[in-house]
Amino acid sequence: MRSDISWKDIESLLLALGAEISEGRGSRVRVALNGVRAVFHRPHPQPQTDKGAVASMRRFLTEAGVRADEI
1 MRSDISWKDI
11 ESLLLALGAE
21 ISEGRGSRVR
31 VALNGVRAVF
41 HRPHPQPQTD
51 KGAVASMRRF
61 LTEAGVRADE
71 I
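Note that the working numbering numbers the sequence shown so that position 14 is 14, with each residue one more than the last.
Bear in mind the hints are in silico, worked out from the structure with no lab data behind them. Being a predicted model, the structure only gives us computed values, none of them experimental. Keep in mind that the hints are not guaranteed to be accurate.
Across the chosen pairs, the derived CB separations fall in these ranges [unchecked claim]:
#	residue 1	residue 2	range
1	Pro45	Gly65	30 to 38 Å
2	Gln46	Asp69	24 to 32 Å
3	Pro45	Glu70	28 to 36 Å
4	Arg67	Pro45	31 to 39 Å
5	Arg25	Glu70	25 to 33 Å
6	Gly26	Glu70	13 to 21 Å
7	Arg28	Asp69	27 to 35 Å
We put the CB at the ideal spot given by N, CA and C, even for glycine.
With the hints as extra help, turn the sequences into a complete structure.
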């Protein structure tokens, strides 16, 4: 699994899919997509996500009904 995906690219994908994104406390980011909600941590100081964050995002997208052929 890749771990060099920038958070900016992930946010762009989420917005393109119609997600609502709002800022939480600190580095927390709240995301809602197709009735599914999750909280993620924006990576810092590096802009790239780690493997755990990529796996969490993948699970979130699956739960939200996003198929690989849609992205």
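For each hint, the structure was consulted:
| no. | hint | result |
| --- | --- | --- |
| 1 | Pro45 x Gly65: 30 to 38 Å | holds, 34 Å |
| 2 | Gln46 x Asp69: 24 to 32 Å | holds, 30 Å |
| 3 | Pro45 x Glu70: 28 to 36 Å | holds, 32 Å |
| 4 | Arg67 x Pro45: 31 to 39 Å | holds, 34 Å |
| 5 | Arg25 x Glu70: 25 to 33 Å | holds, 31 Å |
| 6 | Gly26 x Glu70: 13 to 21 Å | violated, 31 Å |
| 7 | Arg28 x Asp69: 27 to 35 Å | holds, 30 Å |
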